[in-house]
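> Spelled out from the first residue to the last, the chains are:
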Amino acid sequence: MKKAVQINIGGRYFHIDEDAYQVLNEYLESLKAHFEKEKEAGNEIIEDIEQRMTELFESRLTNNKQVISLYDVHEVIKILGRIEDFEFVEEKDEFKEEEEKETTYKRKENRRLYRDPDNSYLGGVAAGLGAYFNIDPLWPRLLFVALVFANGFGVILYFILWVIVPKAKTTAQKLQMKGEPVTIQNIEKSISDEYQKVKRNIHKMKDSGKFKKTQEVFNDILTGIGLLFKALLKLIIYIIGIAFIIAGIALIAGIGITIFTRFNLFDSIHWPEINLPDLSEIFIDPANFNLMTICIIILVLVPLLALIYGGIKLIFNIKAKNRILGATALTAWILALILFITLVFIEGENYALEASGSSTYTIKDNNYKTIYLDIKEEYDLYQGITVYSIFDFDIYYNKSNEKILGKPELDIIKGYEDKPQLTIKKYARNVSMENADNYLDKVEYKWEQNDSIFYFDQFYTVDKEYKWRFPKVELILKIPEDQIIYISEGMEDILGDVDNLDYYWEGDMTGKSWIMTEKGLKLYKN
Amino acid sequence: MNLENAKAQMRKGVLEFCILSILSRGDAYASDIIKKLKESELIVVEGTLYPLLSRQKNAGLLSYRWEESPQGPPRKYYALTDKGKEFLKELSSSWSELMDAVNSINNK
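Chains A and B, in that order, give the protein sequences.
So my numbering is basically just the index in the first sequence, starting at one, shifted up by 565.
So my numbering is basically just the index in the second sequence, starting at one, shifted up by 4.
Don't read these hints as lab results, they were simulated from the structure.
Values in this document were obtained by computation on a predicted structure and should not be read as measured data.
Ideal Cβ positions, reconstructed from N, Cα and C, are used throughout, including at glycine.
Take every hint as true, because none was put in to throw you off.
Here are the in silico distance ranges between beta carbons for each label pair:
#1 B:105 <-> A:632: 48 to 58 Å
#2 B:6 <-> A:648: 19 to 29 Å
#3 A:648 <-> B:90: 28 to 38 Å
#4 B:6 <-> A:877: 48 to 58 Å
#5 B:105 <-> A:590: 45 to 55 Å
#6 A:602 <-> B:6: 22 to 32 Å
Partial chain B-side listing against chain A, Cβ under 7 Å, derived:
#7 50
#8 54
#9 77
Not the full set, but computed from the structure, chain A residues with beta-carbon under 7 Å of chain B:
#10 613
#11 617
#12 651
Kindly generate the complete structure, drawing on both the sequences and the hints.
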């Protein structure tokens, strides 16, 4: 038993099965929707078609058959034709087609990949791919099915695409999916297309209700799993993004604070002993140092900024790619790296060689019983002195007179001449090719003799402009046998590892008198 | 240039011509016209005809009147207007010219 309804078409009453009525109604709705834009004329066309329909139905009814069936409706629709079968209903001409082609060409650029829910079997991935590549969705579908047999790769691929490719929900997105520009006309067109589609979908659903239902259940399950994974993925992305941002900001802040304090841009109590620009001046050309600093800042800052940028992009799901920005940053980074390496080589060359030289002075001797060794106090050298301890070197820098200072080492050995002799040996551990010879001349060391008192300067000095090439000054005092010397307290600073028969540490040797014996220096007791 | 479009353009012109031609032999209602067009295989689906009739009528080439039918509701009978007759004459002469031209080119 079927339910029948009564309808009025073209001024006549018919009995029609309910399912047949549904299909007929959809058909007429689709015609109406199509001819709607022709207004008056459109109504007339519909009326004429309805009129014709009446005739066609009448010819199908007999005394034995008073109700129009679904089959009848399908047959009549076949005769009348669906909108898409109507020939030249759309007034198309060459020009318009050319124009369309042009837009098709342009379309490709703003086409975006979406899942197409309107033509979907599962998640609309294949349909979306079809729309994107302008091919029949059958091909992507077949590809996925084929890939299922490649270790199930197709399933995974499909699933991943399902998760990451957004569904075209709005009309604008559906237009973008097909690569059509989003204009008002297109939206209108799309909406009316959709209207037709809905009609036809209803029609399809009626025909294959069962299939649709299984599909929906399957779809629901997969969508559920998909949503779960999507949520997880989003969470992970969020965490990574936030981690990126925090790491980037923390590193920049840390480096910034370190640099600012060490550069003494604001007064720091924590690292008073190291002031990078001052220290660098001792070794490196200030211009080069500034360049190197800029290089290092770029080298460090660019990746950190990229990290933060990436994190922000992840969190806010920004798809836009700023190629110019990326390229600029990368270029800047590479240039900075090249420049930095070059500078390191240039500066490094200055430390390539070793140099040494010595000069010996014979002391004016008037046969003093005791020779006094003392430090010459030079107060101006102590004014504003800064001590840098680098490795095992103590470097003293006096900013006010731009002199770098180092402490010499005094050794006292037995001399075979009849008068005491002082040999000053200068070394430079690292000098460049061009100033290897005269660098040692720039290392100044002063001493003086005042009767029986030898005054030693506490420091040897190098002008800042000649840089610090790790020079060293050794003082070797040769004392003839039986000569008595007094090492004053102040000498402790420069006294090296002096061999003596009493095995005193050099610190303990000061403030005492010594006598040179045949075997070596010996404590002299009055 | 695509074949489908060229064919459609051609058929459209011919179809319009034929509708006028059918009506020149006497008034007819839609189903009569359809029958003749279908016999000569000019149309596949009937729906194609109605928009054309509507347009020709709106262009003043056709008029229609309602007539009682022996069975069923009244029918819409289409007739050529004077303008339609003029239009048909023009189309006829240009049709023969075209036929001659096409034939003479094709047969050479």
